[in-house]
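J.: Listed here are the chains, written in short residue letters.
Protein chains: 2
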Amino acid sequence: MVHFKESQLDLVFAALADSTRRSVLRQLEIGSRSVSELAQPHGMSLTGFMKHLRVLEDAGLISRTKEGRIVRCALSPRPMQEAAVWLGGLTKSRPGGLNAGSAIIPA
Amino acid sequence: MVHFKESQLDLVFAALADSTRRSVLRQLEIGSRSVSELAQPHGMSLTGFMKHLRVLEDAGLISRTKEGRIVRCALSPRPMQEAAVWLGGLTKSRPGGLNAGSAIIPA
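One line per chain: the protein sequences are C and F, in this order. Residue numbering for the first sequence follows our numbering, starting at 27 and increasing by one per position. Residue numbering for the second sequence follows our numbering, starting at 27 and increasing by one per position.
The hints are simulated quantities; they were obtained by calculation from the structure and are not laboratory data. Hints may be right or wrong, so weigh each one.
If chains are identical, the list can't say which one is meant, so a pair holds when it fits in one copy or spans any two.
[Said to hold, decoys possible] Simulated crosslink set (DSSO-like; lysine-lysine; CA at most 30 angstroms straight-line):
1. K31 x K77
2. K77 x K118
3. K118 x K31
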């Protein structure tokens with residue numbers, strides 16, 4: 027299995043553990059967006075929304091660039107790819123694949 | 027894109043955001059383990075270790091079964107699979123795939 031930097035994976039998975047932040051990543055799937063475009067559907071204060079963007083940026087999941095007075099965000103796919111590969115490696119390496127162990131019913 | 031239960035994804039990604047918990051999942055890749063076998067390499071108090079197991083269990087990532095006096099843990103792969111599919115969907119749906127946007131250098 028590829029070895030990833032554990033601290034980076036901590037930040038990426040923590041950033042993904044929030045539905046607002048996951049929604050922002052989905053908004054950025056088809057291309058970059060301004061901060062105000064991104065904030066609009068979320069119905070929260072801009073201060074609160076900027077905190078979410080900062081968590082995504084600290085995890086390396088998005089980048090911010092300034093174009094005049096407009097701040098635009100874009101996906102930075104590599105950390106997400108590393109998280110996906112980590113998860114994929116874990117699920118694929120099990121004997122019998124993803125469905126192995128499905129007979130065990132969680133308590 | 028498949029729609030997953032957001033609260034479940036919150037728990038799964040939060041559980042994955044810790045290197046000890048990711049290490050436990052890797053220990054369980056090849057089959058179930060007793061709690062003491064799992065705890066041994068981590069060099070922490072059993073109380074602290076049990077908290078990590080509880081987070082994994084609450085996220086549905088592991089199940090615990092009691093065999094006499096031994097508590098054994100096993101992977102429950104479905105939530106991990108859902109997280110992997112969510113990430114895969116996000117990274118694959120971008121024009122140009124995973125490497126699109128890589129020219130944007132994070133600040």
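J.: The structure should be examined with respect to each hint, and the outcome stated for every one.
T.: Against the structure, the hints come out as follows:
| no. | hint | in the structure |
| --- | --- | --- |
| 1 | K31 x K77 | both (24 angstroms within a copy, 24 angstroms between copies) |
| 2 | K77 x K118 | between (35 angstroms within a copy, 27 angstroms between copies) |
| 3 | K118 x K31 | both (20 angstroms within a copy, 23 angstroms between copies) |
In terms of the numbered hints stated before, the structure departs from none.
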